[in-house]
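**Student:** Chain by chain, the residues:
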Amino acid sequence: MTGHAKAGRPNQFLRNLNSKIASIPMILTAVVIFLGGTIWTVVYSFTNSKLLPRLSFVGLDQYYRLWAAPRWIVSIENLAIYGIFSMIFSLVIGFVLAALMDQKIRFENTFRTIFLYPFALSFIVTGLVWQWLLNPEFGIQSVVRSLGWTTFNFDPLYTPSIVIYGVLIAALWQGTGLVMCLMLAGLRGIDEDIWKAARVDGIPMWKTYLFVVIPMMRPVFITTLVIIASGIVKVYDLVVAQTSGGPGIASEVPAKYVYDYMFQAQNLGQGFAASTMMLVTVAIVVIPWAYLEFGGGRNRV
Amino acid sequence: MSDTITLKNANGSGAAVIDKTLSEPHGAKPRRVISGRNIMLYGTLFVAATYYLLPLYVMVVTSLKGMPEIRLGNIFAPPLEITFEPWVKAWATACTGLNCDGLSRGFWNSVRITVPSTIFSIAVASVNGYALANWRFKGADFFFAILIIGAFIPYQVMIYPIVIVLRDIGIYGTLTGLILVHCIFGMPILTLLFRNYFASLPVELFKAARIDGAGFWQIFLRIMLPMSLPIFVVAMILQITGIWNDFLFGVVFTRPEYYPMTVQLNNIVNSVQGVKEYNVNMAATILTGLVPLVVYFVSGRLFVRGIAAGAVKG
Chain A
1 MTGHAKAGRP NQFLRNLNSK IASIPMILTA VVIFLGGTIW TVVYSFTNSK LLPRLSFVGL
61 DQYYRLWAAP RWIVSIENLA IYGIFSMIFS LVIGFVLAAL MDQKIRFENT FRTIFLYPFA
121 LSFIVTGLVW QWLLNPEFGI QSVVRSLGWT TFNFDPLYTP SIVIYGVLIA ALWQGTGLVM
181 CLMLAGLRGI DEDIWKAARV DGIPMWKTYL FVVIPMMRPV FITTLVIIAS GIVKVYDLVV
241 AQTSGGPGIA SEVPAKYVYD YMFQAQNLGQ GFAASTMMLV TVAIVVIPWA YLEFGGGRNR
301 V
Chain B
1 MSDTITLKNA NGSGAAVIDK TLSEPHGAKP RRVISGRNIM LYGTLFVAAT YYLLPLYVMV
61 VTSLKGMPEI RLGNIFAPPL EITFEPWVKA WATACTGLNC DGLSRGFWNS VRITVPSTIF
121 SIAVASVNGY ALANWRFKGA DFFFAILIIG AFIPYQVMIY PIVIVLRDIG IYGTLTGLIL
181 VHCIFGMPIL TLLFRNYFAS LPVELFKAAR IDGAGFWQIF LRIMLPMSLP IFVVAMILQI
241 TGIWNDFLFG VVFTRPEYYP MTVQLNNIVN SVQGVKEYNV NMAATILTGL VPLVVYFVSG
301 RLFVRGIAAG AVKG
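Read top to bottom, the protein sequences are chains A and B.
Position 121 (the first sequence) corresponds to 121 in the working numbering; numbering is contiguous.
Position 80 (the second sequence) corresponds to 80 in the working numbering; numbering is contiguous.
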């Protein structure tokens, strides 16, 4: 106001001053923590920091060491398997459940509640429950054996080659409810007339879903995929609770590698390099999506 | 369905209504209840529902059994002799490291973390969202874009710099530090939530208030806040469940005496020494899951809205 009186035009800094003051926490978070923190970590990933961060640059040394570490390779392989399967299965199971729920069924609320409640639980709780269910001495394996199939084998958490699938089962139990909800919202957004037109044309239901409805739900699918994908890279608690990375290093994941090197092995440089690789992975997923969603939007419409 | 409704509405002239509904065709063609399609449909749903419910059932059943019974029977069998001892032990005497005061300590820590984090982060984010929606200043979009992109960056990338910042201001390892961290990481999604909500309110309201001479804070407190109860509830659900379920930040930013419940639970169950008491473990697991479950069941549809809005954060 005073700026206005003096100069005849509003002072740029004082304009919306209250709004700027109110936005200080947001600006600090965005610039200092998110931007600054990320740049800091990336810069220090090129140093040989051990117990404390030090600015002595060693080029790509940490990255060479990272990609030579068997434990990191196992982590990446696990992430790839876990990621690909959890994307496919979440989408398929989520969509099928949503399609079933969309058939004007009775007790819809009850079913939705049942499918979604695991999502309210933490990964730690999920991991511990499934650790118990998959326990070979007491869990599913022993129950099936006691029913007569004495050679039945199902102990994923104790078999290195398939342990990551044990983690996957728990993750799907926890997360598919959310996917179902998103898909159901997408299905409800589809015009009734589409269904009527398909019925008039005599197209079978599964074909209508596959060739008409799913293509129409493309935005929902893409959003869901991005949500699942950004969760996959962060997966940590579940593995800690269910297997602690074992047996041996068979169920290690990148997020756990980062934590262990930063806070337990006191090898910060490795931790920073590994976390930078995580950042790159996320960028590969998110940038094309952001481009499609925001950049290409103008051309599309 | 429709018959009973018409009957209720018609009150006195019930007979006439029945007559009408019986004589004239109305409503959808009645579908056979037992058809192949329905058997498939409900069959699949029931099988799926069983898969989702089974772990909860096993948790409850296991937590009510004594150890001898667990060693003998299978995990799906209901308890022959119900005992609440595992629950008592999980709450009050189970050991983590050197402490043997059970989950109660973690529970109160979690309460002391969740309550202020939720209140503080929502207070800050709602003002932020309001500023972004109604008082846009130059450069606001730029900062907001960084904030939203930040929601996708893996936490692991930012953890260590935050440790340093917290250490420098002297709150590393304390509850205050952890509360601040939760506020920081809740910021993107909450700000987005509030910005979109305030932007959806009619602009005329805002303009009228300005003409009447109301300023930034007055409009917020007197006009925006009273209209935004639903979005505050959604944000609360999102924050309470998210913060209660957090594990990583709890481990990284606090000392053992301040560990939240999730961390303590993991330490109790996955401790290497001693005999594994599965019943105590399961009771502890249920206890930890209880708060988010109650929030989920009480809030119903609002929970769905909350997670749909906040899925980006998880």
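Think of the hints as simulated: they come from the structure by calculation, not from any bench.
One or more hints might be untrue.
To be verified - In silico contact screen, one side only, chain B against chain A (beta carbon under 7 Å); selected entries:
#1 TYR57
#2 PRO68
#3 PRO78
#4 THR93
#5 CYS95
#6 LEU147
#7 ILE171
#8 TYR172
#9 GLN218
#10 TYR258
#11 THR288
All values reported here derive from a predicted model rather than from experimental measurement.
Virtual Cβ for every residue (Gly too), placed ideally from N, Cα, C.
**Student:** With reference to the structure, classify each hint as holding or not holding.
**Tutor:** Each hint tested on the structure:
Violation of the interface hint for B:TYR57 is found here, the shortest Cβ-Cβ separation to chain A being roughly 10 Å, above the 7 Å cut-off. Checking B:PRO68 against chain A: minimum C-beta separation of about 13 Å lies over 7 Å; hint violated. For B:PRO78, the suggested interface contact is broken, since its CB lies about 14 Å from the closest CB of chain A, more than 7 Å. The criterion of a C-beta within 7 Å of any C-beta in chain A is not met by B:THR93, whose closest approach is roughly 19 Å, and the hint is violated.
Interface hint at B:CYS95: violated, since its Cβ lies 17 Å from the closest Cβ of chain A, which is beyond the 7 Å cut-off. Interface restraint check: B:LEU147 against chain A, minimum CB-CB distance 4 Å, threshold 7 Å, status holds. With a cut of 7 Å, the hint placing B:ILE171 at the interface with chain A is violated, because the nearest CB-to-CB distance is about 15 Å. Hint status for B:TYR172 relative to chain A: violated, with the closest Cβ pair at about 12 Å, above 7 Å.
For B:GLN218, the interface hint is violated, the least distance from its beta-carbon to any beta-carbon of chain A being 10 Å, above 7 Å. Hint status for B:TYR258: violated, given a least beta-carbon distance of 16 Å to chain A, over 7 Å. For B:THR288, the shortest C-beta to C-beta distance to chain A is roughly 6 Å, which falls under 7 Å, so the interface hint holds.
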